[in-house]
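**Student:** So you can see what is in the structure, the chains are spelled out below.
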Amino acid sequence: DTGVSQDPRHKITKRGQNVTFRCDPISEHNRLYWYRQTLGQGPEFLTYFQNEAQLEKSRLLSDRFSAERPKGSFSTLEIQRTEQGDSAMYLCASSLAPGQNTEAFFGQGTRLTVV
Amino acid sequence: AQSVTQLGSHVSVSEGALVLLRCNYSSSVPPYLFWYVQYPNQGLQLLLKYTSAATLVKGINGFEAEFKKSETSFHLTKPSAHMSDAAEYFCAVSGVQNDYKLSFGAGTTVTVRA
Numbered sequence: 001d002t003g004v005s006q007d008p009r010h011k012i013t014k015r016g017q018n019v020t021f022r023c024d025p026i027s028e029h030n031r032l033y034w035y036r037q038t039l040g041q042g043p044e045f046l047t048y049f050q051n052e053a054q055l056e057k058s059r060l061l062s063d064r065f066s067a068e069r070p071k072g073s074f075s076t077l078e079i080q081r082t083e084q085g086d087s088a089m090y091l092c093a094s095s096l097a098p099g100q101n102t103e104a105f106f107g108q109g110t111r112l113t114v115v
Numbered sequence: 001a002q003s004v005t006q007l008g009s010h011v012s013v014s015e016g017a018l019v020l021l022r023c024n025y026s027s028s029v030p031p032y033l034f035w036y037v038q039y040p041n042q043g044l045q046l047l048l049k050y051t052s053a054a055t056l057v058k059g060i061n062g063f064e065a066e067f068k069k070s071e072t073s074f075h076l077t078k079p080s081a082h083m084s085d086a087a088e089y090f091c092a093v094s095g096v097q098n099d100y101k102l103s104f105g106a107g108t109t110v111t112v113r114a
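If you read the protein sequences in the order shown, they are chains A and B.
Sequential numbering of the first sequence, starting at 1, is according to the working numbering.
Sequential numbering of the second sequence, starting at 1, is according to the working numbering.
With the rest of the complex left out, here is chain A:
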């Protein structure tokens, strides 16, 4: 297993376009998290899944954002009608479920630039 992988690594899009990012977690990890990191700030929690169930969404996740994890494996994060304020690094992490001594492993992120 090569760890958490995210695709694409970089995305430049025009304002108003839709974009979709993919995250492939470590295979046996049933928890998957999405974070957003803007320049000069720490990551902010967006949402997380346990298997295919989306258990929590941050209020930062506006109606233009949607995340899925259809088969409990990979996840996608879609942003509709992108705005310049959406420019950020989007990080994905995966872990085993709580109750087990576990560590969350982060992917390298997808850097989104909205022009």
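Read the hints as simulated data drawn from the structure, not as lab findings.
Pair by pair, the computed Cβ-Cβ distance ranges are:
(1) B:T51 x A:S73: 26 to 32 Å
(2) B:T77 x A:Q80: 41 to 47 Å
(3) A:S58 x B:A53: 26 to 32 Å
(4) A:Q80 x B:H82: 41 to 47 Å
(5) A:T20 x B:E64: 40 to 46 Å
When the alpha-carbon atoms are kept at most 27 Å apart in a straight line, the in silico BS3-like pairs for lysine-lysine are as follows:
(6) B:K101 x A:K57
(7) A:K71 x A:K11
(8) B:K101 x A:K71
(9) A:K11 x B:K101
None of these values were measured; they are calculated from a predicted model.
Virtual Cβ for every residue (Gly too), placed ideally from N, Cα, C.
The hints should help you fit chain B onto chain A, whose structure is shown.
**Tutor:** Then chain B, alone, in the frame of chain A:
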């Protein structure tokens, strides 16, 4: 609710000198605390975590942190800085053990002078 505050957005140290990064937390429940490191254009790597087993936590790359409940602090130290320690460091908190829905601080950038 949980939050952390990192004191100092930039720290510059000489190679071989002590590295001290400050983190204070606020939590309504017993906190679980973490330090992560991020190299440019990379994801985050866990340095160490506090899960109430021991107040002095040793991590990777020679880093350690001490949980002080009376001071609501979890400062990160390394006795002797190496050039490879130049990176951004984040303190984070969770209210549930092994739950990685984390609240992060704003980060501290460390530069190491030769």
